[in-house]
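Asker: Can you make the complete structure from the sequences, with help from the hints?
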Amino acid sequence: MANNVFGNPITNSTLEGMPEYNGKTITRTDRAHVALNMKNAADKDIKARQYVENLKERWGTGVSTLCLLYNATGDTVTFVTSHDWHGHIGPALYLTEIANGQWGGFLHVKTSGTATGSSAAVVYHGKNEAGDGCDWMASWSNPWDRILYDNINPKPCDHRRLLATDHP
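Add 3 to the 1-based position in the sequence shown for our numbering, that's all there is to it.
Derived from the structure by calculation, the hints contain no laboratory data.
Ideal placement from N, C-alpha and C gives every residue a C-beta, glycine not left out.
Please note: incorrect hints may appear among the correct ones.
Claimed, not checked - Computed spacing ranges between beta-carbons, pair by pair:
#1 N6 with N43: 13 to 23 Å
#2 T114 with G26: 28 to 38 Å
#3 G63 with A133: 23 to 33 Å
#4 E60 with D87: 28 to 38 Å
#5 N43 with T117: 33 to 43 Å
#6 M140 with N25: 19 to 29 Å
Answerer: Encoded structure:
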C-alpha cells in the first residue's frame, strides 16, 4: 500500500464479519454504504489530513492545494489521467488506486518562481451502481491572486478539453 493511502479496504470479507450481512448476498452498493459509514473509522480521515498538512509544511510557502479523496464506490478506483493548468503534483504522486473505504492524499503545488497558483484535475476509473465503467474527476483552482478572484468574482477558465482519453 502506498504511504499516501489511509485505512483498510472495505471488502466482502469486511461485511461478512458484520451481523447484518450474515447470509446475505453482498453487493457493490452494500460495500459503498459501509465504506461511507466508516469514512472516519480508526481515525483514517485524521491521518490523511495530517499527512497532507505535513507535506505542505515540508514544501514551504507558496500556493498549494491539499487534496484528499475518499472512495466509497463499493470497488477500487484506478488512476486514468491528470492535467495541470497551473502548478504540478508535489512530493507525493497521484495514487494509482484507491480501494473502497480508503482515503488518499497528495499535495499539488505552484510552479516555483512563478505567480500562477495551483489548478489541475485528476481522473479515476471505477464502476457505477449498475456495474458499468465510470470515470470520476476531481478538479481544483487555487489561484495565486486569490484576493482578486474569489467566489464572488470568479476568473473564467476552460476545463472542457481534459477528458479526451482513450481508455476502456
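Asker: Evaluate each hint against the coordinates.
Answerer: Outcome of the hint check:
1. N6 with N43: 13 to 23 Å: Holds, at about 20 Å.
2. T114 with G26: 28 to 38 Å: violated (56 Å)
3. G63 with A133: 23 to 33 Å: violated (46 Å)
4. E60 with D87: 28 to 38 Å: Once the Cβ atoms are compared, 22 Å apart, the range 28 to 38 Å for D87 and E60 is violated.
5. N43 with T117: 33 to 43 Å: Cβ of N43 to Cβ of T117: about 37 Å, so the range 33 to 43 Å holds.
6. M140 with N25: 19 to 29 Å: violated (38 Å)
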